[in-house]
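Please take these sequences and the hints and turn them into a complete structure.
Chains as they are written, first to last, in this note's numbering: chain A, 1 to 644; chain B, 1 to 201; chain C, 1 to 312.
These aren't lab readings, by the way, just hints derived from the structure by calculation.
Where hints are given, some of them may not hold.
With a straight-line Cα cutoff of 27 Å, these simulated DSSO-like cross-link-like pairs (lysine-lysine) come out [said to hold, decoys possible]: (1) A:K588 / B:K168; (2) A:K588 / A:K563; (3) C:K312 / C:K233; (4) B:K168 / A:K563; (5) A:K588 / B:K94; (6) B:K94 / B:K168.
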Amino acid sequence: MTSPELTHPVPPTRLDDEEVANLEEVWTDRPGLYGFLATVDHKRIATRYIVSAFFFFALAGVGALMMRTQLALPENRLLGPDFYRQVFTVHGTTMMFIFAVPVMQAVGLYLVPLMIGTRNVAFPRLNALGFWVYLIGSLLLWVSFFMNTGPDAGWFSYVPLAGPEYGPGKRSDVWAQTITFTEISAIISAIEIIVTVFKQRAPGMTLNRVPLFVWAMVVTSFMVLFAMPTVATASAMLALDRLVGTHFFNVAEGGDPLLWQHLFWFFGHPEVYIIFIPATGLISSMLPALTRREVFGYPLILMALVGTAFMSFGLWVHHMFAAGIPMLGGSFFTAASVMIAIPTGVQIFCWIATIWTGRPRLTVAMHYLLGFFFIFVIGGMTGVMIASVPLDWQLHDSFFIVAHFHYVLIGGAVFPLLGAVHHWFPKVTGRMMSEKLGRIAFWFTFAGMNITFFPMHFLGIYGMPRRVYTYLDGLGWNGLNLTATIGSYILAVGVLLFVFNAVRSRLAGAPASADPWGADTLEWATSSPPPSYAFANIPIVHGRSPMWTREPGEGAVTGLDSKESLDEQQRMTLITSVIDARPDGRHKDPNPTILPMLAGLAIGGALIACLFTPWGLPIGSVLVLIPLLLWGYPHKPAAEAEVE
Amino acid sequence: MMDRPAVDVSHLPTESFGHRSIVWWGTVGFMVSEGATLAIAASSYLYLRGNETDWPPPPTPLPDLLLPTINVALLLLSLWVVHRAKHHAMRFEKRHTGIWMMICTAVAFITTVLRGFEFASVNTSWDDHAYGSLVWLILGLHGTLILTDLIEGGVIGSIFFTDRCQDKHFSDVEDVALYKWFLVLSWVILYFLIYLSPRLM
Amino acid sequence: MTDAFGRQAALIERLWWPTLWVLTAIYIAVMIALAYAMLRRRHVDEVKSEVRTARWVGAAIAGTVVILFAYFISDLFTARAIAGIERKDGVTIEVTGLQWWWRVEYSDSVPERRLTTANEIHIPVGRPVRIITSSADVIHSFWIRELHGKRDLIPGDKSEFWLRADSAGVFRGQCAEFCGLEHAKMALVVVAEPEAQFQAWYDRQLSAARVPPVAVTRADSLIRSGHDVFVTKACVMCHTIRGTTAGSSIGPDLTHLASRRMIAAGTRTNTRGNLAGWVVDPQGIKPGALMPPNNLTPAELEALISFLESLK
Ligand code: HEA
Ligand code: HEA
Ligand code: CUA
Ligand SMILES: [Cu+2]
Chain A
1 MTSPELTHPV PPTRLDDEEV ANLEEVWTDR PGLYGFLATV DHKRIATRYI VSAFFFFALA
61 GVGALMMRTQ LALPENRLLG PDFYRQVFTV HGTTMMFIFA VPVMQAVGLY LVPLMIGTRN
121 VAFPRLNALG FWVYLIGSLL LWVSFFMNTG PDAGWFSYVP LAGPEYGPGK RSDVWAQTIT
181 FTEISAIISA IEIIVTVFKQ RAPGMTLNRV PLFVWAMVVT SFMVLFAMPT VATASAMLAL
241 DRLVGTHFFN VAEGGDPLLW QHLFWFFGHP EVYIIFIPAT GLISSMLPAL TRREVFGYPL
301 ILMALVGTAF MSFGLWVHHM FAAGIPMLGG SFFTAASVMI AIPTGVQIFC WIATIWTGRP
361 RLTVAMHYLL GFFFIFVIGG MTGVMIASVP LDWQLHDSFF IVAHFHYVLI GGAVFPLLGA
421 VHHWFPKVTG RMMSEKLGRI AFWFTFAGMN ITFFPMHFLG IYGMPRRVYT YLDGLGWNGL
481 NLTATIGSYI LAVGVLLFVF NAVRSRLAGA PASADPWGAD TLEWATSSPP PSYAFANIPI
541 VHGRSPMWTR EPGEGAVTGL DSKESLDEQQ RMTLITSVID ARPDGRHKDP NPTILPMLAG
601 LAIGGALIAC LFTPWGLPIG SVLVLIPLLL WGYPHKPAAE AEVE
Chain B
1 MMDRPAVDVS HLPTESFGHR SIVWWGTVGF MVSEGATLAI AASSYLYLRG NETDWPPPPT
61 PLPDLLLPTI NVALLLLSLW VVHRAKHHAM RFEKRHTGIW MMICTAVAFI TTVLRGFEFA
121 SVNTSWDDHA YGSLVWLILG LHGTLILTDL IEGGVIGSIF FTDRCQDKHF SDVEDVALYK
181 WFLVLSWVIL YFLIYLSPRL M
Chain C
1 MTDAFGRQAA LIERLWWPTL WVLTAIYIAV MIALAYAMLR RRHVDEVKSE VRTARWVGAA
61 IAGTVVILFA YFISDLFTAR AIAGIERKDG VTIEVTGLQW WWRVEYSDSV PERRLTTANE
121 IHIPVGRPVR IITSSADVIH SFWIRELHGK RDLIPGDKSE FWLRADSAGV FRGQCAEFCG
181 LEHAKMALVV VAEPEAQFQA WYDRQLSAAR VPPVAVTRAD SLIRSGHDVF VTKACVMCHT
241 IRGTTAGSSI GPDLTHLASR RMIAAGTRTN TRGNLAGWVV DPQGIKPGAL MPPNNLTPAE
301 LEALISFLES LK
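Right under this line is the structure:
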């Protein structure tokens with residue numbers, strides 16, 4: 001099966017049927033519950049992540065419907081002030097921390113290894129741990145909410161409102177803990193993606209051939225590495241202020257509430273691009289299939305991604321213009337904020353150029369991409385408006401801001417994501433989604449979105465502040481609010497149709513071929529759904545669009561799995577060099593284990609215990625240590641010894 | 001079609017050192033995010049310090065110098081020790097690697113204990129004033145890194161005295177060494193920040 | 001953005017309209033390009049069109065840079081113009097945000113002419129006003145959109161900004177930073193009026209409340225007993241009415257309550273019925289407000305409201 005020379009002419013020695021069957025056995029999880037809990041397969045874990053994220057999206061969406069219903073009429077008494085503040089906080093926190101960031105990372109965890117032609121992520125067990133930590137943190141938030149202990153100081157928890165004096169009870173502690181959980185898992189996913197992309201690309205996939213979605217995920221992951229520790233540290237400081245009486249944000253003892261705002265937004269601004277950049281990657285990687293040409297301006301788009309990432313760390317103060325910062329500082333952050341419109345514009349122009357010169361085809365995914373342009377650019381324009389200090393003084397914390405960020409978030413992230421679901425659904429499930437139902441759902445979502453959020457621009461201009469549980473009659477806000485509420489119901493119908501379509505197609509959709517769209521990236525080279533080992537023979541890449549430049553009988557990687565490794569049930573992945581992706585090693589990929597789940601539970605227990613006593617930390621740490629030690633400690637290499 | 005041959009990788013090693021190993025990259029990733037955490041704590045320190053005219057705010061005395069200075073010296077020493085261990089690890093010398101890792105762990109243990117006493121020597125408490133909160137935060141954050149390093153070093157070191165030792169554990173030693181660099185260098189900066197800078201400025 | 005009555009708001013509005021139109025035009029251009037890209041007939045000559053497209057993309061990027069630069073410059077000028085207001089002969093008002101109302105203090109070099117009131121601010125048209133911002137608890141934000149943009153009131157961080165009303169009007173402002181349960185019902189009224197009217201108002205506000213010494217008419221006796229209710233019930237523990245023994249500053253100053261247009265921080269118009277409803281059950285109107293419900297007999301209530309209504 002292996003060959004002595006490094007390379008040899010076609011036809012190459014590929015794995016034969018029996019060997020493939022062996023490979024299948026090595027890589028497939030045990031059936032049943034244990035196999036389910038112990039899996040370290042990035043595809044299964046990512047799917048789980050995605051489904052959970054959508055589940056929480058639906059919950060938070062129902063919260064949004066409650067808010068909209070409350071605001072439909074002036075002085076409505078459906079939700080009281082105490083419930084309303086929990087609803088908008090939990091809605092915002094869920095959408096940002098539990099839906100948008102994780103779902104993008106999860107799509108990355110699913111697609112990136114396939115797109116670069118490897119069998120699994122770099123640290124599969126860590127990856128599993130990340131999921132469990134995420135799940136526990138998200139459940140903590142929602143269980144608390146159902147027990148009337150939902151956080152209630154807004155998704156950015158400004159102190160002193162969220163501090164010990166004005167935020168008694170456990171509500172803000174729950175917020176701080178949820179943040180810690182989700183940030184741990186975000187950092188884990190980021191490291192997974194960076195290392196996988198750097199070290200496990202298929203031979204020949206040099207850095208300038210990496211698909212743009214993969215680049216987008218790498219850029220995002222670097223942003224996560226710098227941004228998430230900031231909010232995790234800040235929320236730890238908040239928790240300490242609340243729990244053990246430190247004074248980081250306490251004016252009376254030398255603290256400063258503005259420090260919180262700086263820390264939060266130093267994270268919070270990059271956060272919005274952490275959501276947006278993966279979405280741009282999805283667009284860049286869908287367009288080739290949808291327009292039947294390579295994306296126009298690959299290097300330009302890549303520069304735009306990197307530029308956006310750098311700039312995004314330099315404009316956090318534009319969220320604080322109304323806090324009274326000095327004028328010179330204000331101008332600097334205005335300049336930075338309008339500058340970031342340039343790389344975004346570059347991407348938009350390149351995509352339009354791609355469509356212009358390509359032969360576009362109107363699938364449901366393409367509908368969502370067109371919807372993206374229509375909606376996101378409006379949000380971008382309002383972003384440029386509020387980047388100006390004087391204009392922001394008027395618009396800040398009004399419904400205009402609510403309109404801005406739903407336009408960029410729903411247009412810039414949710415629409416590309418929904419498009420991506422339609423696009424990659426056949427790959428993931430092996431079944432096509434219904435195009436007809438998809439189109440209907442699209443039009444509901446598109447119309448609903450605009451009817452909901454467009455009127456909010458006017459509400460803001462006419463003086464309606466955000467985060468109000470009600471408003472007085474006679475201020476001229478009634479009609480606009482009612483329209484927005486009706487829009488949100490239309491939007492909900494769209495989302496419901498989408499969910500229905502996904503579920504029905506999963507169960508009874510038409511079977512999908514390996515490459516239903518004629519796409520260009522490697523994930524389409526393997527069957528739909530991909531086998532557990534993804535690629536029996538790792539493909540070799542000769543260009544940016546490997547699927548379009550394939551030749552019959554083309555060579556592939558051989559000799560990755562040896563007879564011994566197959567016999568020993570040893571999973572193997574290929575390691576390649578960072579820059580030019582030259583084969584450099586064969587990595588022993590770990591087998592499934594329940595330990596990540598146990599460690600996740602221990603971390604969960606520890607952090608939840610911290611809600612009640614500072615002793616949660618030391619005791620919890622010890623508990624966490626046990627599974628981690630078991631995990632790190634080597635098994636007796638019996639089989640190996642035998643072979644040697 | 002001769003230009004599209006297959007590639008045979010069966011001869012490639014299953015373990016490697018440095019940037020050829022994925023664990024090394026994982027360690028770098030965690031170092032970056034932990035470094036960001038420390039940088040944020042340090043920035044908060046500087047931010048709140050900027051609000052005050054006197055630092056530490058009176059009547060808080062300056063932190064003691066002796067103990068932390070000894071500890072910095074020990075940390076620097078541990079760098080040398082871990083490099084001895086790495087030296088042997090890269091030659092796959094099991095026994096020597098193990099012994100040096102144990103010495104390294106011993107030094108790390110002393111540093112950890114001294115770190116515990118450092119809390120007492122800063123002359124302020126976490127709930128006195130934002131200044132005290134910040135000093136404790138920085139000591140604590142870096143302290144957890146010291147603790148992690150101690151446990152990791154101890155566990156990896158002990159493996160060399162068992163028959164479970166595999167090739168990959170030698171490359172783990174290299175990661176411990178890399179991490180140690182991060183641990184020590186970051187502390188040198190933070191030491192300057194919390195112990196020396198209030199004296200100098 | 002719209003309906004500017006003040007210098008600052010007018011400057012902002014002057015930046016707003018061109019910004020809106022230019023950005024809308026760009027938006028439409030982008031959408032047209034997209035629609036054309038989707039619908040246009042395809043050429044065969046791919047290579048030529050690739051080069052031509054590259055030129056278009058380059059031009060679009062260059063255009064973006066130029067427009068954003070121009071925008072940044074006009075933003076700078078607006079910000080400077082706003083800060084560069086004439087500051088001579090200004091009125092200084094310290095506005096303190098509290099959960100969920102506003103304390104308003106006019107300062108004056110003569111101590112007797114300093115004035116404390118709540119929830120309604122009067123300013124003279126044409127004269128610059130210096131607003132000193134402060135907060136007694138959490139962060140609030142002061143926003144009168146007809147006059148100026150927002151300014152946060154941050155605990156421990158007193159700062160100031162200037163505004164000027166250029167024509168008379170009555171404006172409703174609302175707290176714009178989430179500050180807890182009743183953030184939604186934390187509004188205030190600003191009255192911009194000609195100098196003479198402002199001075200008259202100011203002098204009236206400076207006077208203490210007058211409680212009729214002897215009850216001649218029935219109305220007077222009602223007021224007197226209302227005063228007695230006020231100073232014997234819980235009210236006195238939280239409110240000030242100058243000229244009586246009530247001198248606490250936990251709640252709004254009520255010395256000239258009856259002269260205000262709204263009660264409960266802009267939540268209800270100042271009518272007899274609303275006042276009675278508020279005093280008996282503030283929680284029904286503003287759930288969570290930091291004023292407890294009061295148990296009063298109908299007679300006590302009647303008298304109390306008459307007294308409050310006499311505080312012109
Ligand atoms: C996906 C998320 C996302 C994205 C991509 C953006 C993009 C931008 N945002 Fe937004 N923003 C948020 C999410 C996002 N934002 C959120 C969640 C908040 C609120 C948080 C809260 O308070 O709760 C917020 C708040 C927010 C504020 C603070 C407002 C306030 O609270 O007072 C500001 C101020 O500057 C701002 C600016 C911008 C700018 C300049 C962009 C730019 O990047 C936009 C650039 C894009 C374009 C401009 C369109 C495409 C470009 C062209 C077609 C080229 C031609 C264009 C021109 C010549 C103009 N945003
Ligand atoms: C990605 C981010 C994201 C997304 C997608 C959304 C989506 C929506 N948001 Fe959200 N929103 C935020 C992020 C987001 N929001 C943030 C950060 C805030 C600020 C919070 C704060 O101030 O702290 C905010 C605040 C916010 C407000 C302002 C509250 C206030 O200030 O008083 C409003 C009000 O209208 C609103 C409405 C909506 C609506 C109608 C949707 C709709 O798009 C929702 C559509 C979804 C559905 C309608 C769900 C449909 C599902 C079902 C019906 C169930 C079916 C389920 C199964 C079958 C399993 N949002
Ligand atoms: Cu005060 Cu909102
Ligand atoms: Cu921002």
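Okay, the hints, checked on the actual structure:
For the hint linking K588 (chain A) to K168 (chain B), the alpha-carbon distance of about 10 Å falls within 27 Å, and the restraint holds. Straight-line distance between C-alpha atoms of K588 (chain A) and K563 (chain A) comes to about 14 Å, which keeps the hinted pair within the 27 Å bound. Note on K312 (chain C) and K233 (chain C): the hinted pairing holds, with a Cα-Cα distance of about 22 Å set against a maximum of 27 Å. Pair hint K168 (chain B) plus K563 (chain A) holds up; C-alpha atoms about 21 Å apart against a cutoff of 27 Å.
Annotation: proposed proximity of K588 (chain A) to K94 (chain B) holds, straight-line Cα distance about 21 Å (limit 27 Å). For the proposed pair K94 (chain B) and K168 (chain B), the alpha carbon gap of about 12 Å is at most 27 Å, so the pair holds.
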